[in-house]
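-17 is the number of the first residue of the sequence shown in the numbering used here; add one for each residue after it.
Some hints could be false.
What the hints assert, rightly or not - Keeping only pairs whose Cα atoms sit at most 27 Å apart, straight-line, the calculated DSS-like set for lysine-lysine is: (1) 230 / 261; (2) 63 / 15; (3) 213 / -4; (4) 291 / 235; (5) 179 / 294; (6) 261 / 15; (7) 304 / 283; (8) 299 / 261; (9) 294 / 161; (10) 261 / 294; (11) 161 / 291; (12) -10 / 34; (13) 153 / 235; (14) 15 / -10; (15) 4 / 56; (16) 283 / 297; (17) 63 / 192; (18) 280 / 299; (19) 283 / 202; (20) 280 / 15; (21) 202 / 34; (22) -10 / 294; (23) 153 / 192.
Worth flagging that the hints you see were computed from the coordinates, not collected in a lab.
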Amino acid sequence: MQAAYINKNGDAQKIVIGELPKPIVSSNEVLIKVNAVSVNHVDTFVRSGSFKTETNFPFVIGRDAVGQVVEVGKDVTGFSKGNWVWTNSMGYAGRQGVTSEYAAIPAERLFHVPENVEPTQLVASVHSSATAAIVLTNVFSAVSGSSILIEGAAGHVGTKFVQMAHIMGLKVVTTSNTKDFDLLDRLGSDEQLDYEKSLKKQFRKSPISKVDYVVDTSGKVSLADNLAVLKPNGHVCLITAPKSNQFKFDVQKFYTQSQTINGFVISNAPLGQIRQAAKFINRLMADGYLLEDGVLEKSYKDAAWAHEKLEKNAKKKKILLKF
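Can you build the whole structure from these sequences, using the hints too?
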């Protein structure tokens, strides 16, 4: 079968397009014919070796795929030949990736595509959607009536946070470019702030003076500013880091307010959280949510190009590699 793989960690030019053996399905796996694979920043981290994880070479790249079932292991139930399915937790922790014509997926990491949901639009969304779902439900344990600040809210991850937080009954404050205010209002933002203006000054004029939760999807807001608009006992979640890889903040004020700083990387999420998030995502997608991403479809042969573009942040649309 054709695949995009690496023989060692390195830059994007280390990606090889070539033949690999078709996977043999074990008793608890499902073989799928891959239709599309989304390209995420974490894929570039795994490929380069900057995210340390078990990789068996030759190593097929990519973690999120959508396709159709072609074979089911003898101990697997709930899947049949021809089903449209998706996965979002391959390509790390010893599991081969999915940028290949065929992929053998553990049944517990495979989920049905909801009826009437376009498969490629789904796979473009699931990485961001699962991140938002796990942060909101597991990291924050967010409850209806609480409030959240979502920074960089018009991006792939931010829009998912906005929709989910709104559906969960949270009061949602967002920061973005002013041109995205209407979009965020439609998605469920209760108040839109200009990311080019002072966060603290805008909050002083806001009816929501402080929030219970803060998530910065951009890494461009100082931790001190985020803590300043956080309530006592509130939580900040970091899903990225500033280029400087450094923060300065008032430690005494932080601990006397009983505030919490959380870090989150979806590759560290346990299987139970991934499965719980998948059920939540599928329900929302079946109702038409989480499917607004702009998509750029390319051939799997363009995998190196896609990684280079992502590392340079040169494309705003979600890149999908098609077979």
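Here is how each hint holds up against the structure:
At roughly 38 Å between alpha-carbon atoms, residue 230 and residue 261 are farther apart than 27 Å, so this suggested pair is violated. For the hint linking residue 63 to residue 15, the alpha-carbon distance of about 10 Å falls within 27 Å, and the restraint holds. Between residue 213 and residue -4 the alpha-carbon distance is near 47 Å, which puts this suggested pair outside the 27 Å criterion. Of the pairs offered as hints, the one joining residue 291 and residue 235 is violated, with about 41 Å between alpha carbons and a cut-off of 27 Å exceeded.
Using a Cα cut-off of 27 Å, the hinted pair residue 179 and residue 294 holds, with the two alpha carbons roughly 26 Å apart. Under the criterion of a C-alpha separation no larger than 27 Å, the hint pairing residue 261 with residue 15 is consistent with the structure, at around 22 Å. In summary, the hint linking residue 304 to residue 283 is supported, as the alpha carbons are separated by about 9 Å, within the 27 Å threshold. Only pairs whose Cα atoms come within 27 Å are accepted, and residue 299 paired with residue 261 is accepted, the gap being roughly 25 Å.
Distance hint between residue 294 and residue 161 is fulfilled; the C-alpha atoms sit about 23 Å from each other, no more than 27 Å. With a C-alpha separation of about 33 Å, the suggested pair residue 261 and residue 294 falls outside the 27 Å cut-off, and the hint is violated. For the hint linking residue 161 to residue 291, the alpha-carbon distance of about 24 Å falls within 27 Å, and the restraint holds. For the given pair, residue -10 sits about 13 Å from residue 34 by alpha-carbon distance, which is consistent with the 27 Å threshold.
With a C-alpha separation of about 25 Å, the suggested pair residue 153 and residue 235 falls inside the 27 Å cut-off, and the hint holds. This hinted pair checks out: residue 15 and residue -10 have alpha carbons roughly 26 Å apart, not beyond 27 Å. The straight-line distance between the Cα atoms of residue 4 and residue 56 is roughly 18 Å, inside the 27 Å bound, and the hint therefore holds. Annotation: proposed proximity of residue 283 to residue 297 holds, straight-line Cα distance about 18 Å (limit 27 Å).
Distance hint between residue 63 and residue 192 is unfulfilled; the C-alpha atoms sit about 51 Å from each other, more than 27 Å. With a C-alpha separation of about 12 Å, the suggested pairing of residue 280 with residue 299 holds against the 27 Å cut-off. Only pairs whose Cα atoms come within 27 Å are accepted, and residue 283 paired with residue 202 is rejected, the gap being roughly 34 Å. For the hint pairing residue 280 with residue 15, the CA-to-CA distance comes to about 17 Å; that is within 27 Å, so the pair holds.
Restraint check: the Cα-Cα separation between residue 202 and residue 34 comes to about 25 Å, which is no more than 27 Å; the hinted pair holds. Between residue -10 and residue 294, the direct Cα distance comes to roughly 22 Å. Compliance with the 27 Å bound is thereby established for this hinted pair. Our distance criterion of 27 Å between C-alpha atoms is met by residue 153 and residue 192, whose separation comes to about 11 Å.
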